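Colleague: Just so you know, the protein sequences line up as chains A and B, in that order.
With positions in the first sequence counted from 1, the corresponding number in the numbering used here is that position plus 167.
With positions in the second sequence counted from 1, the corresponding number in the numbering used here is that position plus 285.
Read the hints as simulated data drawn from the structure, not as lab findings.
Quantities reported herein were computed from a predicted structural model and do not represent experimental measurements.
Here a beta-carbon is modelled for each residue, glycine too, at the ideal position from N, C-alpha and C.
Watch out, some of these pointers could steer you wrong.
[Unchecked claim] Mimicking DSSO-like on lysine-lysine, the simulated pairs with C-alpha atoms at most 30 Å apart in a straight line are:
1) A:Lys468 to B:Lys469
2) B:Lys497 to B:Lys423
3) B:Lys624 to B:Lys549
4) B:Lys338 to A:Lys251
5) B:Lys338 to A:Lys468
6) B:Lys469 to A:Lys251
7) B:Lys342 to A:Lys251
8) B:Lys362 to A:Lys251
[Said to hold, decoys possible] From the derived model, a few chain B residues whose C-beta atoms are all more than 10 Å from chain A:
9) Val329
10) Val340
11) Lys457
12) Leu502
13) Asp524
14) Lys551
15) Asp574
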Amino acid sequence: MSDATITPPREFLKPPVTEVGVLGWLHSNLFNNWYNSLLTILVLLALWQVVPPFFSWTFIDSVWNTPAEVCRDIDGACWSIIPKNISFILFGFFPDGQQWRPGLAMVLLVGLVVFSADRKRWKKSLGVYWLINLVVMGTLMYGGVFGMPVVETSQWSGLPLTFMLSLFGMVAAYPFGVFLALGRRSKMPAIKTLCVIYIEMIRGVPLISLLFMSSVMFPLFLPEGVTINTVLRAQLAIILFTAAYIAEVVRGGLQAMPRGQFEAADSLGLNYNQTMRLIILPQALKIVIPPSLGILLSAFKDTSLVVIISLYDVLKTTKVTLSNPKWTGYSTEAYIFLAVLYFVCCYAMSSYSRRLEKELHTGR
Amino acid sequence: MKLSRLTVLVMILSLLAAGIAFAGKDLDAVQKKGFIQAGVNGGVFGFGMPDEKGVWKGLDVDTARAIAVAIFGDASKVKFTPLTAQQRFTALQSGEIDVLTRNATRTLSRDTQLGLNFVTVNYYDGQGFLVPNKLGIKSAKELGGATVCVLPGTTTEQNAADFFRSNNLDWKPVVIESTTELAKTFFAGRCDVLTSDASQLAGTRAVAPNPKDYSILPEIISKEPLAPAVRHGDDQFRDIVDFAVLAMINAEEMGITSKNVDEKLKSTDPMVQRFLGVVAGNGAALGLDEKWAYNIIKQVGNYGEVFERNVGVNTTLGIERGLNALWTNGGLMYSPPFK
Numbered sequence: 168m169s170d171a172t173i174t175p176p177r178e179f180l181k182p183p184v185t186e187v188g189v190l191g192w193l194h195s196n197l198f199n200n201w202y203n204s205l206l207t208i209l210v211l212l213a214l215w216q217v218v219p220p221f222f223s224w225t226f227i228d229s230v231w232n233t234p235a236e237v238c239r240d241i242d243g244a245c246w247s248i249i250p251k252n253i254s255f256i257l258f259g260f261f262p263d264g265q266q267w268r269p270g271l272a273m274v275l276l277v278g279l280v281v282f283s284a285d286r287k288r289w290k291k292s293l294g295v296y297w298l299i300n301l302v303v304m305g306t307l308m309y310g311g312v313f314g315m316p317v318v319e320t321s322q323w324s325g326l327p328l329t330f331m332l333s334l335f336g337m338v339a340a341y342p343f344g345v346f347l348a349l350g351r352r353s354k355m356p357a358i359k360t361l362c363v364i365y366i367e368m369i370r371g372v373p374l375i376s377l378l379f380m381s382s383v384m385f386p387l388f389l390p391e392g393v394t395i396n397t398v399l400r401a402q403l404a405i406i407l408f409t410a411a412y413i414a415e416v417v418r419g420g421l422q423a424m425p426r427g428q429f430e431a432a433d434s435l436g437l438n439y440n441q442t443m444r445l446i447i448l449p450q451a452l453k454i455v456i457p458p459s460l461g462i463l464l465s466a467f468k469d470t471s472l473v474v475i476i477s478l479y480d481v482l483k484t485t486k487v488t489l490s491n492p493k494w495t496g497y498s499t500e501a502y503i504f505l506a507v508l509y510f511v512c513c514y515a516m517s518s519y520s521r522r523l524e525k526e527l528h529t530g531r
Numbered sequence: 286m287k288l289s290r291l292t293v294l295v296m297i298l299s300l301l302a303a304g305i306a307f308a309g310k311d312l313d314a315v316q317k318k319g320f321i322q323a324g325v326n327g328g329v330f331g332f333g334m335p336d337e338k339g340v341w342k343g344l345d346v347d348t349a350r351a352i353a354v355a356i357f358g359d360a361s362k363v364k365f366t367p368l369t370a371q372q373r374f375t376a377l378q379s380g381e382i383d384v385l386t387r388n389a390t391r392t393l394s395r396d397t398q399l400g401l402n403f404v405t406v407n408y409y410d411g412q413g414f415l416v417p418n419k420l421g422i423k424s425a426k427e428l429g430g431a432t433v434c435v436l437p438g439t440t441t442e443q444n445a446a447d448f449f450r451s452n453n454l455d456w457k458p459v460v461i462e463s464t465t466e467l468a469k470t471f472f473a474g475r476c477d478v479l480t481s482d483a484s485q486l487a488g489t490r491a492v493a494p495n496p497k498d499y500s501i502l503p504e505i506i507s508k509e510p511l512a513p514a515v516r517h518g519d520d521q522f523r524d525i526v527d528f529a530v531l532a533m534i535n536a537e538e539m540g541i542t543s544k545n546v547d548e549k550l551k552s553t554d555p556m557v558q559r560f561l562g563v564v565a566g567n568g569a570a571l572g573l574d575e576k577w578a579y580n581i582i583k584q585v586g587n588y589g590e591v592f593e594r595n596v597g598v599n600t601t602l603g604i605e606r607g608l609n610a611l612w613t614n615g616g617l618m619y620s621p622p623f624k
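Kindly generate the complete structure, drawing on both the sequences and the hints.
Modeller: In structure tokens, the structure reads:
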């Protein structure tokens, strides 16, 4: 009966195919009970209804660079609206043949922004680069030297205008906002009241009404013949608006500073300026990086509101292109293009903010 | 105490406002700066809109160019400020622009209360209806119960409401903000009728998937005389703007075009000689160069040419002359004698 002791090697049964691999994953995640199965099937059906038609509209039946007339006879997307109008959409009224100037200025600007993104380069020299770059950009845009004809600010439009309004809006609004935040926490009643009134007043009205004030009301209060540049007026409105929001965010950071930090500074004999500059602000501003970038992000998108005061930012130039009867029917394509453009910029900003947050995280 | 301060403030402001409305010498200011600043519409094809290269095109734009030619003898001495409907009159009142050529309807209240002077009409527009042929509607009176696509805010919506009420018809307005979306909605069949200014309807029909399926009803339910405007206070400047428009109309009536204007200089007709400045007088009377009218025709063209180039039957808009034909052809375009 020795045979009986020899048991055949135990067969390792594989788990059923429905429990491992793709099928297993499907089973445990999508079809694990009757209502999830039902939902999965419904979603799949919906996707089947939407995705293939969208795909063929976007890529298969579409045309990419044809005259408008061709678009009338096709079922797909007419992407031709973008290449055929690209110079107006991107650069607006900037004279034909001079458009390399705003183009180059944009490349310089984006290049420097990317360059500045690395914290290792945050030194005095970076400020100098910015100064030089601004002068070069200003010269490129305005012209008047090196045989470049003068292009007045009223002709600055399209993407450069969007970038300019938002970038200078952010750069100027940030320090202004920090001062407002400090002012609001000041012990001097006059300064404090002024700052509170300013912040609450600006935060109490929508940006669109500020822009309207700057473009419709404000000129009436100036003596005749004195006009302030429209672009400058819009820029000021955007700066004033963004600053009020920045101020509140920064104030939050200041409030998060423990008393001990102030007392330590006092005991070292630092005066108010030194305390703020060396101890409080560096820490407070670090805390508020994520919300600040949130505000800057929305400021970037808000610049498109200048449409209502007839500044030709990139949204307005697209709209104007669409009012040409030749292209009127293709607003979907044009707006998708714009959405992609805005998404790229905003996504870059927000992923940078996440990186910065991670790098600066010191456990506090 | 507070009240009196407020009063003072109000007085100062009203003084300022008065100063703005009635300061003269616009012409001096224009001549000194060397160009004319014209307020135009930034987004109406055929009237005032930049093309693919950012060059301004349109009937209103060409009118502004004619004014620049009259004053400076050079059609490029004009700068364009695109304006929204809300901004346009303030911009003129505040001196941001010198002349408004932005398809503005002349009305009594605008001409008086806003401190503006409208000059000769450069386009007679009116509100109409666009319907799909398959509805079989031949007159606007049959539109009872219709859903109507209309732009918000402007007089268009109000005119439509007035029309339906006065004819005891039911209607359902579908209000859509932008012209392009309005057209899309209409062609998608969400409303039975689209109402807008007749000049716009032609353009809208032109972009239909199949333009032959739509027609414009014969009824025009409002009067929209579109005219350039200047502010009160400088009558000489107003005259120049007025006669710059009239010169284009007069030239068409005399059969003078940008092509034959040089031949016409040799004409023996005393009216033509006076008009083109061969016989002096008109220029001096307006304070302009004697060649001003010649220059307008040479550089910009007569009214018929400008019309056909921007909105006429051979353009995308394809608008017939209609009310905008010369009075000799059954239209309303009529110029006083140039003498």
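Colleague: Indicate, hint by hint, whether the structure satisfies it.
Modeller: Comparing the hints with the structure gives:
1. Restraint check: the Cα-Cα separation between Lys468 of chain A and Lys469 of chain B comes to about 26 Å, which is no more than 30 Å; the hinted pair holds.
2. With a C-alpha separation of about 15 Å, the suggested pairing of Lys497 of chain B with Lys423 of chain B holds against the 30 Å cut-off.
3. Of the supplied pair hints, the one linking Lys624 of chain B and Lys549 of chain B holds, its CA atoms being roughly 17 Å apart against a limit of 30 Å.
4. Restraint check for Lys338 of chain B and Lys251 of chain A: satisfied, since their Cα atoms lie roughly 10 Å apart, inside the 30 Å limit.
5. At most 30 Å may separate the alpha-carbon atoms for a hinted pair to count; Lys338 of chain B and Lys468 of chain A meet this at roughly 26 Å.
6. The straight-line distance between the Cα atoms of Lys469 of chain B and Lys251 of chain A is roughly 21 Å, inside the 30 Å bound, and the hint therefore holds.
7. Taking the CA atoms of Lys342 of chain B and Lys251 of chain A, the gap is about 18 Å. The hint holds against a cut of 30 Å.
8. A C-alpha spacing of about 29 Å is found between Lys362 of chain B and Lys251 of chain A, which places the hinted pair at or below 30 Å, so the restraint holds.
9. A cut-off of 10 Å between C-beta atoms contradicts the statement that Val329 of chain B is not in contact with chain A; the least separation is 7 Å.
10. Separation of Val340 of chain B from chain A is inadequate, the least Cβ-Cβ distance of about 8 Å not exceeding the 10 Å criterion.
11. With a cut of 10 Å on Cβ distances, Lys457 of chain B stays outside the contact zone with chain A, its closest approach being about 24 Å.
12. With a minimum CB-CB distance of about 20 Å to chain A, Leu502 of chain B clears the 10 Å threshold, and the non-interface call stands.
13. Every Cβ of chain A is farther than 10 Å from the Cβ of Asp524 of chain B; the closest lies at roughly 20 Å, confirming the non-interface assignment.
14. Every CB of chain A lies more than 10 Å from the CB of Lys551 of chain B, the least distance being 38 Å, so the non-interface label holds.
15. At the 10 Å boundary, the C-beta of Asp574 of chain B stays outside the reach of chain A, the nearest C-beta of that chain being 25 Å off.
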